[in-house]
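So the protein lines, in turn, are chains V and R. So in the working numbering, spot 260 of the first sequence is number 260, and the numbers just go up one at a time. So in the working numbering, spot 249 of the second sequence is number 249, and the numbers just go up one at a time.
Keep in mind the hints are simulated off the structure, nothing from the lab. No experiment lies behind these values; they were computed from the predicted model shown. Note that the Cβ used here is the ideal one computed from N, Cα and C, for glycine as well. Just so you know, not all the hints are guaranteed correct.
Between beta-carbon pairs, the in silico distance windows are [unchecked claim]:
(1) R:V214 <-> V:G256: 49 to 57 Å
(2) V:A213 <-> R:L289: 38 to 46 Å
(3) R:D257 <-> V:A136: 49 to 57 Å
Protein chains: 2
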Amino acid sequence: MKLKLAIIGFGNVGQGLCEILTSKREWFKTGQNFEWELVAVSDFQKGSVLCDDGLRTEELLKLVQSSKSLEDYSGKCTKGLDAITTIQRSNADVVVEVTYTNIKTAEPATAHVKTAFSKGKNVVSSNKGPAALHYAELKKLAEANGVQYLIEGTVMSGTPVLSFAKENLAGVQINSIRGIFNGTSNFILTEMWKGKSYKASLSEAQELGYAEAVPDADVEGYDALAKVTILANVLMGTNLNPSQIKCEGITGITEGDILKAKAENKKWKLIGEIIKEGTEVKAEVGPRLLNADSAMGGIDGVLNAVTFTTDLLDDVTVVGPGAGRKETGFAILSDLLRINRALK
Amino acid sequence: MKLKLAIIGFGNVGQGLCEILTSKREWFKTGQNFEWELVAVSDFQKGSVLCDDGLRTEELLKLVQSSKSLEDYSGKCTKGLDAITTIQRSNADVVVEVTYTNIKTAEPATAHVKTAFSKGKNVVSSNKGPAALHYAELKKLAEANGVQYLIEGTVMSGTPVLSFAKENLAGVQINSIRGIFNGTSNFILTEMWKGKSYKASLSEAQELGYAEAVPDADVEGYDALAKVTILANVLMGTNLNPSQIKCEGITGITEGDILKAKAENKKWKLIGEIIKEGTEVKAEVGPRLLNADSAMGGIDGVLNAVTFTTDLLDDVTVVGPGAGRKETGFAILSDLLRINRALK
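Just chain V, same shape as in the assembly:
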């Protein structure tokens, strides 16, 4: 059986996924017993196309790469549907929700996810909004509808974190989770450690495409906060809201602080942590001073890392990219493979 996919949001992640699916189609079929068909794509700006018999992904990618509308796609298809209607009308088994994150309202993504569940469709998503604000509710709704809500890509893009804890660490008790969850702020701190000013480091991050023009989500810690909320709610069984978690960014770290740390062979890192104490779970985001030659102190540039402190393995750490087109595309893919295995 081919897994039928509808992609909602056709930006970097949606396109990245599409490229991976297309270029590895044969390999997935023979090596992973995974066959797929893209039956709909809907993007707020790039247009919308739906075809129950499947779309040619090569043509869709060419259209967006040449800045054309998806509705220029050739062939008999339904065009111009909005996201909600696309989800309702398509015959997809899985809705891939990869619209932009709105961390304040979590919309329109939450509406997309709920619509998919109400139609008995699984959801795979890298959107941090619904995951950070409504995980417990959405997880319950998915279960009530007999479908899955998988969000590996919301924390460290393709670097396995949620699946690592739930699958590889099944059988151990996780007592705390601690990590560097924002690549942009880590890049800025790394550049400052090398001697640059905050301003110059931020400018470089913006030039390289790591930071937005308004960099608050990264430098004020809000992005790390969303990820910490997701980790706590998915892995520690809490029902926390980001507003309940203390959050401090890196903008208070002065060049003097960096020099002082350097003299002591230490590094400032923006750390998110979740600690279970008895039945209580404490979560926090803030700058921490680490030994430069410690495992977490060695995580520089845009790299992310997470350490699970457990009863049977003490500390286990996963280090990898925390963002990126193909990286987040892979995160979505890894969840699709998970659904595909469960359906076999």
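On the provided structure of chain V, position chain R as indicated by the hints.
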């Protein structure tokens, strides 16, 4: 259905597993849908006891902890069987092969594994002998008999490596594998970096129980070599023998080398690496000079680490313990959970 287990070899790992299984019995049942029964234990020195209806693990652990024979176990059981006969006669679904590694002959472990397969039993093992010398043959034999041969514990004890690559990284292409696979030599190099002599560092490792009286397997790189062989054969599809892989240990590193490295903010690490170049796979074990503040350079003491270089995620690294009673016990458990899930 309860998964029936026979443990062959009741040293640290066998006992560690038994302790975990016993202490978390209820949690496994409710949280992991995993129920088990120990139906046989056989140890070359500690004796042997077999009971198709199940053994009381608490009593077995008490016996060995008070240096008594397993054959003092109370109740109607078959006692005194050797390992092969235990495997043949028991009604176990899974044989847990955790006898001591003999890296030269891989015996008697290989005979245990083959006997289990011939009786249609799965094998879970942390024994590096059969895995390093006969993986391809044993894997084929397992498949021919419709059973599994799972060896997560052979590389970094309970730190997920093989399952991480096969499950979490399913869908990416692994181009190279690079890591610190021997905690004892890493501990010695770390102590030398702190200013101690090789001799003093080795003595400390021996006092702490990290190094054997004859430390060759660790300091000459043979243990890392076995792990590199396993990684290449399991994850890169090769059929290499350790004798085909270039291997150099840490005994050639002088205190002068360490001082020189330190002055350049570098560290010597014993690195195992496997590189895929087209259809060719090159493997090697040897000392490498790394930046002290790099991710792998920050892996100190007995910690192990592995970096997978991939097409979709660039570098992804897992850091954790590489040995230990409860750690390797957990590795066995994680493979048991895998078999349990597959049987549901």
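Here's how the hints hold up against the structure:
1. A beta carbon spacing of about 53 Å between V214 of chain R and G256 of chain V agrees with the range 49 to 57 Å that was offered as a hint.
2. Against the hinted window of 38 to 46 Å, the Cβ-Cβ separation of A213 of chain V and L289 of chain R comes to about 41 Å, which satisfies the hint.
3. Checked against the hint of 49 to 57 Å, the pair D257 of chain R and A136 of chain V passes, with Cβ atoms roughly 55 Å apart.
In the structure shown, no violation is registered for any of the earlier numbered hints.
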